[in-house]
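Student: One-letter residues, chain by chain:
There are 2 protein chains.
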Amino acid sequence: MKLGIIGLGLMGGSFALDFKSIYPKSKIFGLDKSKKNENRALELGLIDELITLEQLSKVDVVLVAIPVDKSLEELPKILNSVNKDTLVFDVGSTKLPICEALLNHPNRKNFLATHPMAGTEFSGPNAAVEGLYLNKNNIVCEIEKTNPKIYKKALRIFKMLNMNIIKMDSKSHDVHVAYVSHLSHISSFMLGKTVIEKEKNEKNIFDLAGSGFESTVRLAKSSPATWTPIFLQNKNNLVLAINEYISNLNQIKEMIEENNYSTLSSILNNTNRIKQILTK
Amino acid sequence: MKLGIIGLGLMGGSFALDFKSIYPKSKIFGLDKSKKNENRALELGLIDELITLEQLSKVDVVLVAIPVDKSLEELPKILNSVNKDTLVFDVGSTKLPICEALLNHPNRKNFLATHPMAGTEFSGPNAAVEGLYLNKNNIVCEIEKTNPKIYKKALRIFKMLNMNIIKMDSKSHDVHVAYVSHLSHISSFMLGKTVIEKEKNEKNIFDLAGSGFESTVRLAKSSPATWTPIFLQNKNNLVLAINEYISNLNQIKEMIEENNYSTLSSILNNTNRIKQILTK
Numbered sequence: 001m002k003l004g005i006i007g008l009g010l011m012g013g014s015f016a017l018d019f020k021s022i023y024p025k026s027k028i029f030g031l032d033k034s035k036k037n038e039n040r041a042l043e044l045g046l047i048d049e050l051i052t053l054e055q056l057s058k059v060d061v062v063l064v065a066i067p068v069d070k071s072l073e074e075l076p077k078i079l080n081s082v083n084k085d086t087l088v089f090d091v092g093s094t095k096l097p098i099c100e101a102l103l104n105h106p107n108r109k110n111f112l113a114t115h116p117m118a119g120t121e122f123s124g125p126n127a128a129v130e131g132l133y134l135n136k137n138n139i140v141c142e143i144e145k146t147n148p149k150i151y152k153k154a155l156r157i158f159k160m161l162n163m164n165i166i167k168m169d170s171k172s173h174d175v176h177v178a179y180v181s182h183l184s185h186i187s188s189f190m191l192g193k194t195v196i197e198k199e200k201n202e203k204n205i206f207d208l209a210g211s212g213f214e215s216t217v218r219l220a221k222s223s224p225a226t227w228t229p230i231f232l233q234n235k236n237n238l239v240l241a242i243n244e245y246i247s248n249l250n251q252i253k254e255m256i257e258e259n260n261y262s263t264l265s266s267i268l269n270n271t272n273r274i275k276q277i278l279t280k
Numbered sequence: 001m002k003l004g005i006i007g008l009g010l011m012g013g014s015f016a017l018d019f020k021s022i023y024p025k026s027k028i029f030g031l032d033k034s035k036k037n038e039n040r041a042l043e044l045g046l047i048d049e050l051i052t053l054e055q056l057s058k059v060d061v062v063l064v065a066i067p068v069d070k071s072l073e074e075l076p077k078i079l080n081s082v083n084k085d086t087l088v089f090d091v092g093s094t095k096l097p098i099c100e101a102l103l104n105h106p107n108r109k110n111f112l113a114t115h116p117m118a119g120t121e122f123s124g125p126n127a128a129v130e131g132l133y134l135n136k137n138n139i140v141c142e143i144e145k146t147n148p149k150i151y152k153k154a155l156r157i158f159k160m161l162n163m164n165i166i167k168m169d170s171k172s173h174d175v176h177v178a179y180v181s182h183l184s185h186i187s188s189f190m191l192g193k194t195v196i197e198k199e200k201n202e203k204n205i206f207d208l209a210g211s212g213f214e215s216t217v218r219l220a221k222s223s224p225a226t227w228t229p230i231f232l233q234n235k236n237n238l239v240l241a242i243n244e245y246i247s248n249l250n251q252i253k254e255m256i257e258e259n260n261y262s263t264l265s266s267i268l269n270n271t272n273r274i275k276q277i278l279t280k
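Taken in sequence, the protein lines are chains A and B.
For the first sequence, this note's numbering gives the first residue as 1, with consecutive numbering after it.
For the second sequence, this note's numbering gives the first residue as 1, with consecutive numbering after it.
Warning: the hint list may mix true and false statements.
When chains are identical, the list treats them as one kind, so a pair holds in a single copy or across two.
[Unchecked claim] Here are the computed lysine-lysine pairs in the DSSO-like style, where the Cα-Cα straight-line distance is at most 27 angstroms: (1) K159 - K171; (2) K171 - K203; (3) K70 - K36; (4) K203 - K159; (5) K136 - K159; (6) K77 - K152; (7) K203 - K145; (8) K35 - K153; (9) K70 - K200; (10) K275 - K203; (11) K25 - K235; (12) K167 - K70; (13) K153 - K36.
Just so you know, the hints here were simulated from the structure itself, not pulled from any lab data.
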C-alpha cells in the first residue's frame, strides 16, 4: 500500500508510525509546506520519500493532517490530483466547513471526513508518537457521500488500528466537539493566561504548581497554528459553549460570595459524576 | 518516633506511607471522624493503632489532614492535648484563616502551617499512595511563630522526604494559590458542569472525550468536602481570580466573534510560555 501524508506534524507523523506498524511493507510519501519538517520527517524515518501534490495519483491513500483553514484551501487541489480509487481523509477537529467546501467537488466521493479522538499538546514531526491512533474513537461524518468501496478501504485501515468508528453528521459533530474538546482548550488557554498575567514572577507559578494546575493547563501548550482556525471555524457553537461556561463561572462565584456552602457543595458533588462518565 | 494522624484520607493516608518509608521503626496512630475510614486505614496498614484527641500527648508529631473548615474547629483542641515538644502541622490549602485562628493559642509555638504541593483527584484512605510527598515543594508559613526546635524537627522530616521548603507569609500564600491551584479547580469543575449540562446523552461525552478533555476536567473529580471550604476560606482572593478569568474568556470570545485571527493566534502563542515556565 502506498500512503501519502500531507502535513508532517504530530497527527501526520504519528499516523505514519502507526500505518507502518500495521502495513510494514507499505511505502509512505510525505509533503509539508515547511522544508525543515520534511527533512526532519525523513531523518526520523516517518516517511520514505517526499512527494508533490501533482504526484498524488500514485498513492492509494492520502491523509491530510494540516490546520483546518489550510485544509479548505488544499483539499480541493488534492482531490483534483488523485486517481479514482484513492481514499483521501482528513483528521481536522471541525467537520462542517470542510464537508461544505467539498460538497460539489467532482471527486467528493474519494473523500472521507474523519476526526480521530487522539492527540497530545505537542506539535511538529518531533512530536510524532507510536500508538497515537490505536484503540481510539474515530468520528466519521457524511459517509453516504463517500464511494462505498473507498469507505470500506478506510474501515479496513481503521480496524487494523483497532479504532472504534462512530458515525455522525458533520453539524452534530461540530456542536459536540465545541463542548467536549474546543471549550477545554479555551478554558485551559485562558487559565494559563490569567495565571501568567497575575504571577509576574514566574517562579511563583513553578513553585506553587501542583500536578492539578499542570494537568488543567496542559492544553495551553497546544499549537496556535492548529487551534486558531479551529476556534474560528467552529465560532457559532463555541461562542455558545463559552457563554454557558461563563454563566456557570458567574454562578459559582456568587455562591462563594454568599458563603453558600450547601449549594456549592452539591454542585461540586453533581459534577463529580464526570468520574463515572469517563470510566464507562 | 510516634506519629499521630488526624484525618485518614488521601493526604493523611499517603503521609503515613511516606513516613513509614523514612522511619520504618515509627509507630503511627490515626483518628478519623468516620469509623469506616479508621477501619480501612487499619486494614490497609496505613496506621498501627487508633488514637483519641486526649491521647495525643504521647506522640511526637501530629499531622492534621482534614478539610480546612474542620481544621479551624479541631486544631485548637489538638494543640490543647499535645505535650510541649510535639510538632503539629496541617496540610490545608488555605493558610491565613488557620494562622489567624491560632494566633493567640497558648500552644501556637507547637504548630507549623504547611502546604505541600501534592495531591491527586481521589479521596479517602483507599486513595493513599506511596511517594505522594517525595520531592515536592512544601510551603511553610509564619515560621517565626513556631518554636525553633520544633520547626527544626519538621525540617528534618521534610528533608528526609526530599521536599523543597519555600517560606511564605500566609497572606501571600493564599493569594498565589487562589490563582495557581484554586482557580484550576474552579475552571475544571465548571468545565465538567457545562459539558454534563449540554450533553444530556452521556455517551457523547465518553465517545468524544479525548485525553485533552480528560486532563482538563480531571480536578472536577475532587472531593467536595475538601474543596467547598477551601473556596469559601479563600473567597476574597478567589473571587478576584475568577473575575480575571471571566474577563479573559470574554476577551477571547470577542476575538472569535470578530474572526480576529492574528490577535487570537498571538494570545495563544504568548500563553504557550506556560510550557517553559512549568519545565524550568
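Student: Run every hint past the structure and note whether it holds.
Tutor: Against the structure, the hints:
1. K159 - K171: within (25 angstroms within a copy, 57 angstroms between copies)
2. K171 - K203: between (44 angstroms within a copy, 18 angstroms between copies)
3. K70 - K36: Within. Shortest intra-copy distance 18 angstroms satisfies the 27 angstroms Cα cut-off; inter-copy 58 angstroms does not.
4. K203 - K159: between (47 angstroms within a copy, 21 angstroms between copies)
5. K136 - K159: within (11 angstroms within a copy, 43 angstroms between copies)
6. K77 - K152: Classified as within; 23 angstroms inside a copy, 71 angstroms across copies.
7. K203 - K145: So K203 and K145 pass the 27 angstroms test across copies only (26 angstroms; inside, 54 angstroms).
8. K35 - K153: neither (31 angstroms within a copy, 60 angstroms between copies)
9. K70 - K200: Classified as neither; 36 angstroms inside a copy, 34 angstroms across copies.
10. K275 - K203: Between copies only: 13 angstroms across, 33 angstroms inside.
11. K25 - K235: Neither. Shortest intra-copy (42 angstroms) and inter-copy (62 angstroms) distances fail the 27 angstroms Cα cut-off.
12. K167 - K70: within (24 angstroms within a copy, 50 angstroms between copies)
13. K153 - K36: neither (32 angstroms within a copy, 56 angstroms between copies)
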